[in-house]
Amino acid sequence: MGLFKRRENPVPLSPIDEFWRWWTATGEGLFTAAIANGDYGSLPDQISAKVAAIDSELQWETSKGRLAKHALCVTAAGVAELRPLVERWARAAPPATDTWEFVAARQRDEALSSSAVQFEGTSIELGQSRVAFRVDEERQSFDVQIFNPRFVTLGLQDSRRVTFLLLDWLLGEDDVERWLGGIETVLNDPEGSVPVSALLKAVEKLAAQNAEPEWAITDSRTAAGNPSIVIALRPMKWIDHPLLDLHTEIVLPYLVDREDGLPGPDALVALRSYEYGLIEAIGARGLLVAFETSEGQRSFHVYTDSEDQNARDIIDSFRPGEPAGKTHSLDPGWQRVRQFS
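As numbered in the working numbering, residues 2 to 342 make up the sequence shown, in order.
It is worth saying that the hints were derived from the structure and are not from the lab.
Everything numeric in this text was worked out from a predicted model, so none of it was measured.
Backbone N, C-alpha and C define an ideal beta-carbon position, used for all residues, glycine too.
Among the clues, some could well be false.
Said to hold, decoys possible - Mimicking DMTMM-like on lysine to aspartate or glutamate, the simulated pairs with C-alpha atoms at most 20 Å apart in a straight line are:
no. : residue 1 : residue 2
1   : Lys-65    : Glu-111
2   : Lys-65    : Asp-175
3   : Lys-202   : Asp-220
4   : Lys-202   : Glu-138
5   : Lys-327   : Glu-296
Said to hold, decoys possible - Label-pair restraints from in silico Cβ distances:
no. : residue 1 : residue 2 : range
6   : Asn-311   : Ser-124   : 47 to 55 Å
7   : Ser-198   : Pro-228   : 45 to 53 Å
8   : Pro-96    : Gln-47    : 20 to 28 Å
9   : Arg-22    : Thr-154   : 39 to 47 Å
10  : Asp-56    : Ser-198   : 28 to 36 Å
11  : Asp-137   : Ala-53    : 32 to 40 Å
12  : Glu-185   : Phe-120   : 44 to 52 Å
13  : Ser-64    : Lys-327   : 41 to 49 Å
14  : Thr-328   : Arg-22    : 35 to 43 Å
15  : Gly-79    : Val-153   : 19 to 27 Å
16  : Val-80    : Thr-123   : 24 to 32 Å
17  : Ala-97    : Asp-56    : 20 to 28 Å
Sequences and hints are given; from them, build the entire structure.
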């Protein structure tokens, strides 16, 4: 008898790994042939089952590729809690080929955004859609109202679904998240509306003006009426870091020698030393997005990948002699710092 025995029950593949095993073995060839001959058979059901095994709320579609001939997209459809999952799906993909590329969000397709589509038996000319929008200077995003003459026929619920498809095709799903704030579907043409193509131009201009986030300082008051200083990245866009879904708040007390509770010169030196050391320790594994200072303490807000245990360990072990409280919580979409964005 040999010293080593083959494992009878191998460790099962994760749903993402199983998806890519299936795609590499059979799925890619079947889809390529189906697109060419138009005979999909049970293929949509097969891939739907593979995607549902990753998460039942995910959606998939094929489309024209940007660099390859075709693109396979698995999308969270705007659900922030699922975006890290589809990002991991995309990063586990095999290398793109001339035939297939893989994306974790619907891509911009201006031709589709002005085409005629069938939705629940109703033909909709997307090119007839109108938009009214205003810029939110503080958040560097647009609040929009979308109208199409066929929305009255569709009803509000289905019209909302068309609205998001239209915006995904017009801007790309990630830019919808990145640059749009409030999105409202309306059944009457709003005052001051323009063709939806004008929104694309406005978004491109806003994006060019905010290519790199910068630190912004905001003065406010605590519940007790004491001064508070918040320094945060602006614009703060979680979609630029979709894997950073673990929020860590680090509360570091400092010696108060001012009546207003803000740090004096010596305390500032110590706080800056902690901040710079923390940033260096985390490195590319995470991101400090904001910190607030008031009433004898500074709260640092850091995001890392929840599946990166090393990043969490680095934070937990950073300067163990400091009296800093550290709290971790899952927060895809960065809701815990939304008031600073």
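Evaluated hints:
1. Lys-65 - Glu-111: The hint holds at about 12 Å.
2. Lys-65 - Asp-175: holds (17 Å)
3. Lys-202 - Asp-220: violated (33 Å)
4. Lys-202 - Glu-138: holds (17 Å)
5. Lys-327 - Glu-296: holds (18 Å)
6. Asn-311 - Ser-124: 47 to 55 Å: holds (53 Å)
7. Ser-198 - Pro-228: 45 to 53 Å: holds (46 Å)
8. Pro-96 - Gln-47: 20 to 28 Å: Given range 20 to 28 Å: holds, Cβ gap about 23 Å.
9. Arg-22 - Thr-154: 39 to 47 Å: holds (45 Å)
10. Asp-56 - Ser-198: 28 to 36 Å: At roughly 34 Å between Cβ atoms, Ser-198 and Asp-56 fall inside 28 to 36 Å, so the hint holds.
11. Asp-137 - Ala-53: 32 to 40 Å: Hint holds: Cβ distance 36 Å, inside 32 to 40 Å.
12. Glu-185 - Phe-120: 44 to 52 Å: Since the Cβ atoms of Glu-185 and Phe-120 sit about 19 Å apart, the hinted range of 44 to 52 Å is violated.
13. Ser-64 - Lys-327: 41 to 49 Å: Since the Cβ atoms of Ser-64 and Lys-327 sit about 43 Å apart, the hinted range of 41 to 49 Å holds.
14. Thr-328 - Arg-22: 35 to 43 Å: Hint holds: Cβ distance 38 Å, inside 35 to 43 Å.
15. Gly-79 - Val-153: 19 to 27 Å: Holds: the Cβ-Cβ distance is about 24 Å, inside 19 to 27 Å.
16. Val-80 - Thr-123: 24 to 32 Å: holds (26 Å)
17. Ala-97 - Asp-56: 20 to 28 Å: holds (23 Å)
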